Structures are given as C-alpha cells and as structure tokens.
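Given the coordinates of chain S, work out where chain G with the ligands should sit on it, guided by the hints.
The chain contents come next:
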Amino acid sequence: MGNNIIEINHLSFRYRHSEELALKNVNLHVPYGQWVAVTGHNGSGKSTLARFLNALLIPDAEGAVIIGGLNTKTEGCRQEIRRKAAMVFQNPDNQMVAPTVEDDVAFGLENAGVPYEEMVIRVQESIDKLGLTGLEKREPHRLSGGQKQRAAIAGAVAMKPELLILDEATSMLDPSGRAEVIDQVQKLRDSENMTILTITHDLNEAALADRIVVMREGEIIGDGTPAQIFRQEDLLKEASLKKPFIIELIASLREKEVDIPEEVTTEEELVNHLCRLKQTM
Amino acid sequence: MLDNVIIGQYIPGKSLIHKMDPRAKLLCLLLFIVFLFVSRHPAFFILAISLTVLTFIAAGIPFRFYLKGIRIIALIISFTFILHLFVTREGPPLLETPLFTIYTGGVTEGAFIALRLLIIVIMASLITLTTTPVDLTDGLEKLMKPFGKLGVPTHELAFMMAIALRFIPTLLEETAKIIKAQMARGANFTHGSLWRRIKAFVPVLIPLFVQSFKRAEDLAVAMEARGYAGGHGRTKFRILQWKPIDTAAVTLFAVYGAFGVYTRLFI
Ligand SMILES: Nc1ncnc2c1ncn2[C@@H]1O[C@H](COP(=O)(O)OP(=O)(O)O)[C@@H](O)[C@H]1O
Ligand SMILES: [Mg+2]
Chain S
1 MGNNIIEINH LSFRYRHSEE LALKNVNLHV PYGQWVAVTG HNGSGKSTLA
51 RFLNALLIPD AEGAVIIGGL NTKTEGCRQE IRRKAAMVFQ NPDNQMVAPT
101 VEDDVAFGLE NAGVPYEEMV IRVQESIDKL GLTGLEKREP HRLSGGQKQR
151 AAIAGAVAMK PELLILDEAT SMLDPSGRAE VIDQVQKLRD SENMTILTIT
201 HDLNEAALAD RIVVMREGEI IGDGTPAQIF RQEDLLKEAS LKKPFIIELI
251 ASLREKEVDI PEEVTTEEEL VNHLCRLKQT M
Chain G
1 MLDNVIIGQY IPGKSLIHKM DPRAKLLCLL LFIVFLFVSR HPAFFILAIS
51 LTVLTFIAAG IPFRFYLKGI RIIALIISFT FILHLFVTRE GPPLLETPLF
101 TIYTGGVTEG AFIALRLLII VIMASLITLT TTPVDLTDGL EKLMKPFGKL
151 GVPTHELAFM MAIALRFIPT LLEETAKIIK AQMARGANFT HGSLWRRIKA
201 FVPVLIPLFV QSFKRAEDLA VAMEARGYAG GHGRTKFRIL QWKPIDTAAV
251 TLFAVYGAFG VYTRLFI
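First to last, the sequence lines map onto chains S and G.
Under the working numbering, read the first sequence as residues 1 to 281, first letter to last.
Under the working numbering, read the second sequence as residues 1 to 267, first letter to last.
Same shape as in the complex, but just chain S (with noise of 0.2 Å):
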C-alpha cells in the first residue's frame, strides 16, 4: 500500500486521568496529494488525531499510525516522521518561537541540522512563497494574526514536509486572515502537490477539500466528498454541523428546478456554473 501517506488502523486512546475514550477504533487512510478536512464538535477528537501524525503521542499495543511508510512506534523514526509531517497550531501567538519571521521559519531547519548555506536559501525560499517577502524581521508581535499564520505555514513549508497539518489554524483569525492563510494553502496544494488535513469546525473551508472526515466522540462518523457529506442530513445533524450557507443556496436553487451537478460545492463553483447556465440560456 505504498500510495498512501497517511494509515491509521485500529486506533483507540485514553488520556492519562481520563474517564472517557478520546479516540475509538479510527481507521483511516489517506493518499499522497489529497486534501482532507477533518471536522466535528468541540472535544469530538480532532486534535488527539492529529497529535497521532506526528508522532506527539504514539498508539499503544493494538493500534498503529504508518507516515509516508514509517511507523511512529519506532523510536527511530519520529525526527524523521516530524519532518515529513508538519504542523500548525490554532493559536498564532504559542507557536512562534523566535523573535522574528526568518529566525523562527528557520527553527525547524536548524533543529534537523540543515547547513547553514542550505538553511538561508530554504528560509527565504519559503517567505517568499507564503507572500512575506519583505517582513523577514518583522517581530511577532508587529504582525497581524493572518501573518503570524503564514508565518507558521513557512516554516512549516521550509521542512519540505509530505503531509501538512493545520489543526483548526483559522480559527482564532479574522475574515480576511483566514482568506489569507486558506488562499496560501490551496496554492500550496497546488504548486507543490502537498498532501494537506485541515481540522475545521467551519464546513465552509471543509468545502474546499477534496474529503471531509467527519468526528463525534473519538469516533469518525462520516467520510466522503463534501457533496457526499452534505447530502446527509443527519450525519450534519448528529456531529452538531452547520451547513454551510452556499451548500443551503444550491439546496434551494434545486427545488427551484435550477439544474446544479453534485460536484458544485463552493461558492466560486456554483457562479461559474450559473453563468454557464445564463449563456446556454
């Protein structure tokens, strides 16, 4: 099975002086290039998941977590896994380490012990593709919450990571951040066919990916295309889900008779395919 980068089987856990399962018999697979949400309520999970593809926590006994083919229980392993799987975390003001942009893009580089030549080209390489050109010694507290973010993101991208990991990395910026930083990682997908898992409460950014994973309870209760999601009512309903407005539109625009193909789920989709419709008209 050499096409997937990321394989969980069987994986339950417990937090220590927990009562209750964080995680129950989650299985999943992802292969290289796809863009996976996963999403659900607050507490259903998400985080624990994630903290698994990094090798931050490790199964125990029955359970296993295969990265880009290594598994995380090997000691070994997880420098490496770390690098192939990179994350970026929800709060932008506890992830920065450094005292500037280009030192903390560079944190990771000089934890692997990348030569210095080496680390100069990838740092600035990576500044640059995140559109932070000019900010290189900016501090953070000199910069918005969308560029803290990106700021994030490269350092992140300066690994030359497989699989990049953003848990819930919008969720404490404002409108325009969170375009900011989705508007990078969709160009990111596409520049460098990176494998992205996104972990959003907001469907409207779940939309945008190619799978939505859908939590309650440590458990995955739902797994499919975002039109195959929010097709199901229910599902919405029992993982306590909004959906989002442009998913209700097209609900509407249909039982108005206004022909729209399942694949339609964003915003953008839905206007080029209405002015399509307006043409043959």
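Incorrect hints may have been included.
What the simulated footprint calls covered on chain G by chain S, stretch by stretch (three residues with Cβ under 8 Å from a Cβ of chain S suffice, anywhere in the stretch; the number is not a length) [what the hints assert, rightly or not]:
1) 193-199
2) 213-220
3) 224-230
Just so you know, these hints were derived from the structure itself, not from any lab.
Note that the structure is a prediction, hence the values are computed from the model and not measured.
Note that beta-carbon positions come from the ideal geometry of N, C-alpha and C, so glycine has one too.
What follows is chain G with the ligands alone, placed relative to chain S:
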C-alpha cells in the same frame, strides 16, 4: 504605563557600536566592570570615565534614552551612597549630631561606589540599546560555550532567555488588554491608596498567569512538533562575525584593565 520597561529596548542604528560583534561588546563590558573594582587611583577613574564617554559618543544614541533606564537605577545609587555615609567609619568626622556621625571616609567611599555604579549602568545600557536581544543571547551562548564542558547547560540557558525576551512584548500586550477589560468592569488602577492599587492588580495577574501556563504548554508542543531536541546536532541560522574593530575594542579594554592593575600595584 508599560512603555517604561527598558529590558531589551533596542534602538536601531548604524553606529560603530551597533556594528560590533555582540561577543566583543559583552567581553568589553565584562573587562570594564571587573577592572573597575581593581583600582581607586584618580588617573584610572579618569580613564574609565573617558572610555564611557567615548563609547557613548560612538553609539550615537540620544541622551534621553538613557534617562529612562537610569531613573530607577538612580534610586539604588542614591541609596547606596547614603548607606555608605552612615555605615563607613573612617577618617576624621565631618558632621556630628546627637544621633549619628558622618565621617569623610563615608563620603569618599560612597562617592566612589556611586560613580562606579553610574558608569557601569551607562556602559551596560549602551550595550542593550545598541544590540538586539537575539544577538545578545547569541553572543552570551557563544561566550559561555567553554562552560558547557563543565556541564553547564549553555544552550538551554541562552534559549530560555531568548524565549523570555521574545514573549515580553506579547505578555505586555496581554496585560494591557486585561487591564482594559477590568477597567471596563469598573476596576480602578489609577486612584486610591497604594494598597488599593496593588489589590486592583490581583485580578490582572491571575488571568495573566493562567494564560502564560497555557502558552508555555502550547509552545512546548509546537517546539516538539518542529523537531526541537536540545542543542545537540543543531545548526544556527544566525552567524556572528568577528571583525577587526572587535579585536581593537577588546584590546582597548584589556589595556584599560592592565592600567588598572598597574595603578593598583605600583602607584
Ligand atoms: N491533554 C489532555 N488530557 C486529558 N484529556 C484531554 C487532553 N486533551 C484533550 N483531552 C480530551 O480529549 C477529548 C478530545 O479532545 P481534542 O482532541 O482536543 O478535541 P477537538 O480538537 O476535536 O476539540 C476531549 O474530551 C478532551 O477533553
Ligand atoms: Mg482541537
């Protein structure tokens, strides 16, 4: 209110002192302080003061920036001076009152100490004002490296200091935010007795502490996720460059030190 904090207050510039290697600056400061206590010869003091004035001019930083830093230190200096007046009992009495006697020795001793402290503070602020906190911690780490062999965790110490410096502005911002939130709820930080004002700060400190612990935890996870595993096998993005001017400066301060020893032993 919080703008008066001078720790890590760096004033950007292109002066000779700005361009120096932080290691050289720290070495010079160390030499300056250590040898300042070696000799009490007037000629040596004149040399020390000249060096301070020279560095001051070379740094090209407006005097008002020092005043801010010196305001608090001035209190400490005055206090030491006054303490010496009463404690030192040398030389002929200068002033006799039924309660205490002040001796000339106390005045000269107090003046010596006050003068020393004053020029040390000026020298030290010259360095923090012309060096970014990052360069300072980098310089410290490099200088402390030999102690690493003795088991001193030099990388960890420097790293902790760097993170603390990185979070000072963030925490100040947060404090200001909490103060505003408490003021909106009717808390008063500017009126009332000192005790009342101190008490008003308790509801500010508690959320600040709670939040800081959360930050520390998040940061630790983020660092681990980014492959941090201590200083071993790590490379550095920032490199320090030792230039001729650095050698010149260290030599100058070494000569000053030698002169101090000379005046102590032979004059
Ligand atoms: N460090 C921890 N210790 C104990 N329990 C935890 C810890 N982190 C999360 N949990 C619990 O595990 C469950 C899943 O949490 P989490 O994965 O953070 O959910 P989500 O990210 O979906 O909001 C929750 O019930 C939460 O209370
Ligand atoms: Mg979470």
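For each hint, the structure was consulted:
Look at the stretch 193-199 of chain G against chain S: 0 of its residues bring a Cβ nearer than 8 Å to a Cβ of that chain, fewer than three, so the hint is violated. Evaluation of the coverage hint for the stretch 213-220 of chain G: fulfilled, as 4 residues show C-beta separations to chain S shorter than 8 Å, against a requirement of three. Using a Cβ-Cβ cut-off of 8 Å, 6 residues of the stretch 224-230 of chain G lie near chain S, which meets the minimum of three, so the contact claim holds.
Violated hints amount to a single one, hint 1; each of the other numbered hints is respected by the structure.
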